[in-house]
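Undergrad: Numbering (UniProt numbering), first residue to last: 1 to 270.
Bear in mind the hints are in silico, worked out from the structure with no lab data behind them. Here the structure is a predicted model, which is why all the values come from computation and not from measurement. Be a bit skeptical, because a hint or two may be false.
Think about it this way: if two alpha-carbon atoms lie no more than 30 Å apart in a straight line, the pair counts; the simulated DSSO-like pairs of lysine-lysine are [to be verified]: (1) K173 to K192; (2) K97 to K32; (3) K123 to K192; (4) K175 to K192; (5) K192 to K174; (6) K123 to K97; (7) K123 to K189; (8) K151 to K174; (9) K61 to K77; (10) K216 to K189; (11) K97 to K39; (12) K173 to K189; (13) K85 to K36; (14) K192 to K216; (15) K173 to K151; (16) K151 to K123; (17) K173 to K123; (18) K61 to K97.
Label pairs and their calculated CB-CB ranges [what the hints assert, rightly or not]: (19) K85 to P112: 47 to 57 Å; (20) S141 to T76: 38 to 48 Å; (21) Q162 to D88: 17 to 27 Å; (22) V143 to I78: 23 to 33 Å; (23) E169 to L108: 25 to 35 Å; (24) G235 to D88: 43 to 53 Å; (25) Q162 to F199: 48 to 58 Å; (26) G235 to I268: 21 to 31 Å; (27) D234 to L29: 13 to 23 Å; (28) T76 to Q188: 41 to 51 Å; (29) K77 to R270: 26 to 36 Å; (30) S246 to R205: 21 to 31 Å; (31) K39 to E259: 29 to 39 Å.
Each residue gets a CB set at the ideal place from its N, CA and C atoms; glycine is no exception.
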Amino acid sequence: MTEENDKERTVQNTLRLAACSDLRRNVLLSLKEDRKVLKKLREELDVNASTAIHALRDLEKDMLVFQDEDRSYALTKIGEVIALKVADVMDAIDVLKEHEDFWLTHDLSGIPPHLLERIGWLKGATLLENPATDIFQVHESFVSLLAGARKIRGVSSIFVPQYPILFEELILKKKADVELIVTEDVLQKINKDILQAIFADEDSRLTLYMIERGAKAAFSVTDSYISLGLFYNDGTYDYNRDLVSSDPRAIRWGEELFEWYREGANLIER
């Protein structure tokens with residue numbers, strides 16, 4: 001029991017050092033970028049020498065930071081991992097607090113745990129909202145997002161009558177590479193003439209899947225953008241808000257979300 005208590009105290013101490021002090025946390029995040037001499041570190045953090053040294057000594061005692069032969073401060077191997085986790089938590093908090101109402105009022109069950117753990121990859125995303133005077137603004141932004149895309153990956157659990165026509169143009173005229181995952185209900189509503197016209201073109205690049213389980217998200221990922229829509233907690237879809245980003249990490253996050261849905265979907269033969 002004593003050994004377990006000692007281990008718990010060690011964990012708590014490291015957590016306190018890394019996360020519970022703004023200064024020590026900022027030192028770790030600064031050194032995550034590169035090793036630095038005291039003067040540069042002090043100037044970057046806007047603190048005096050004694051304050052910076054005190055924080056560095058605390059981190060050194062816990063084997064998170066060391067001073068090399070050139071008197072530059074750097075992260076130890078353990079410090080590198082801790083700094084990565086601290087940065088990840090900070091990014092996640094940033095995303096969740098920036099759009100707090102969006103996350104609190106929407107159903108997140110359409111996002112698997114391994115991607116919720118990386119929600120910080122959406123840092124910097126913009127929440128598009130329809131103003132009272134323009135209820136189609138989010139829709140128009142979505143169409144604009146797709147217009148110049150060469151590659152599109154999307155999941156749709158909602159049906160919008162204009163979308164099949166839009167995708168017909170993207171696939172047949174603009175030669176976009178498209179993979180779509182739809183629910184059975186959405187598949188039944190797609191105009192069969194449009195689908196047949198796309199499949200009849202040997203050069204068309206449409207791969208269509210159907211997912212039997214409910215998809216609690218509607219999103220598209222292109223070569224340069226991600227647009228994410230969610231359902232409210234009461235089960236109705238929110239047509240008025242989309243979370244969008246052009247950041248490479250956010251796009252990769254969206255691609256992995258698509259891959260997760262694709263693993264549980266069935267290919268529709270041409």
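Undergrad: Now look at each hint and say whether the structure bears it out.
TA: Hint-by-hint comparison with the structure:
1. Straight-line distance between C-alpha atoms of K173 and K192 comes to about 18 Å, which keeps the hinted pair within the 30 Å bound.
2. Distance check on the hinted pair: K97 and K32 sit about 24 Å apart at the alpha-carbon level, within 30 Å; holds.
3. Proposed proximity of K123 and K192 is contradicted: the alpha carbons are some 40 Å apart, above 30 Å.
4. Of the supplied pair hints, the one linking K175 and K192 holds, its CA atoms being roughly 20 Å apart against a limit of 30 Å.
5. For the given pair, K192 sits about 21 Å from K174 by alpha-carbon distance, which is consistent with the 30 Å threshold.
6. Between K123 and K97, the direct Cα distance comes to roughly 10 Å. Compliance with the 30 Å bound is thereby established for this hinted pair.
7. Of the pairs offered as hints, the one joining K123 and K189 is violated, with about 35 Å between alpha carbons and a cut-off of 30 Å exceeded.
8. Distance check on the hinted pair: K151 and K174 sit about 11 Å apart at the alpha-carbon level, within 30 Å; holds.
9. Our distance criterion of 30 Å between C-alpha atoms is met by K61 and K77, whose separation comes to about 14 Å.
10. About 18 Å separates the Cα atoms of K216 and K189, which keeps this hinted pair within 30 Å; it holds.
11. Restraint check for K97 and K39: the C-alpha separation of about 33 Å exceeds 30 Å, so the hint is violated.
12. Using a Cα cut-off of 30 Å, the hinted pair K173 and K189 holds, with the two alpha carbons roughly 23 Å apart.
13. Proximity of K85 to K36 is assessed by CA-CA distance (about 20 Å); at most 30 Å being required, the pair is judged to hold.
14. Between K192 and K216, the direct Cα distance comes to roughly 25 Å. Compliance with the 30 Å bound is thereby established for this hinted pair.
15. With a CA separation close to 14 Å, the supplied pair K173 and K151 stays within the 30 Å bound.
16. This hinted pair checks out: K151 and K123 have alpha carbons roughly 23 Å apart, not beyond 30 Å.
17. At roughly 34 Å between alpha-carbon atoms, K173 and K123 are farther apart than 30 Å, so this suggested pair is violated.
18. With a CA separation close to 33 Å, the supplied pair K61 and K97 exceeds the 30 Å bound.
19. The hinted range of 47 to 57 Å is not satisfied by K85 and P112, whose Cβ atoms lie roughly 20 Å apart.
20. Restraint check, S141 to T76: a C-beta distance of roughly 46 Å satisfies the suggested window 38 to 48 Å.
21. The beta-carbon spacing between Q162 and D88, approximately 39 Å, falls outside the hinted interval of 17 to 27 Å.
22. Taking 23 to 33 Å as the suggested C-beta distance range, the pair V143 and I78 does not conform, at roughly 49 Å.
23. Our hint of 25 to 35 Å for E169 and L108 holds, since their Cβ atoms are close to 33 Å apart.
24. Taking 43 to 53 Å as the suggested C-beta distance range, the pair G235 and D88 does not conform, at roughly 31 Å.
25. A C-beta distance of roughly 20 Å is found between Q162 and F199, which places it outside the suggested range of 48 to 58 Å.
26. Against the hinted window of 21 to 31 Å, the Cβ-Cβ separation of G235 and I268 comes to about 26 Å, which satisfies the hint.
27. For the pair D234 and L29, the supplied restraint of 13 to 23 Å is violated, since their beta-carbon distance comes to about 39 Å.
28. Range check, T76 to Q188: about 58 Å between beta-carbon atoms, so the 41 to 51 Å window is missed.
29. Taking 26 to 36 Å as the suggested C-beta distance range, the pair K77 and R270 does not conform, at roughly 51 Å.
30. In this structure the hint that S246 and R205 lie 21 to 31 Å apart at CB holds, the actual value being about 23 Å.
31. With their beta carbons about 47 Å apart, K39 and E259 fall outside the hinted range of 29 to 39 Å.
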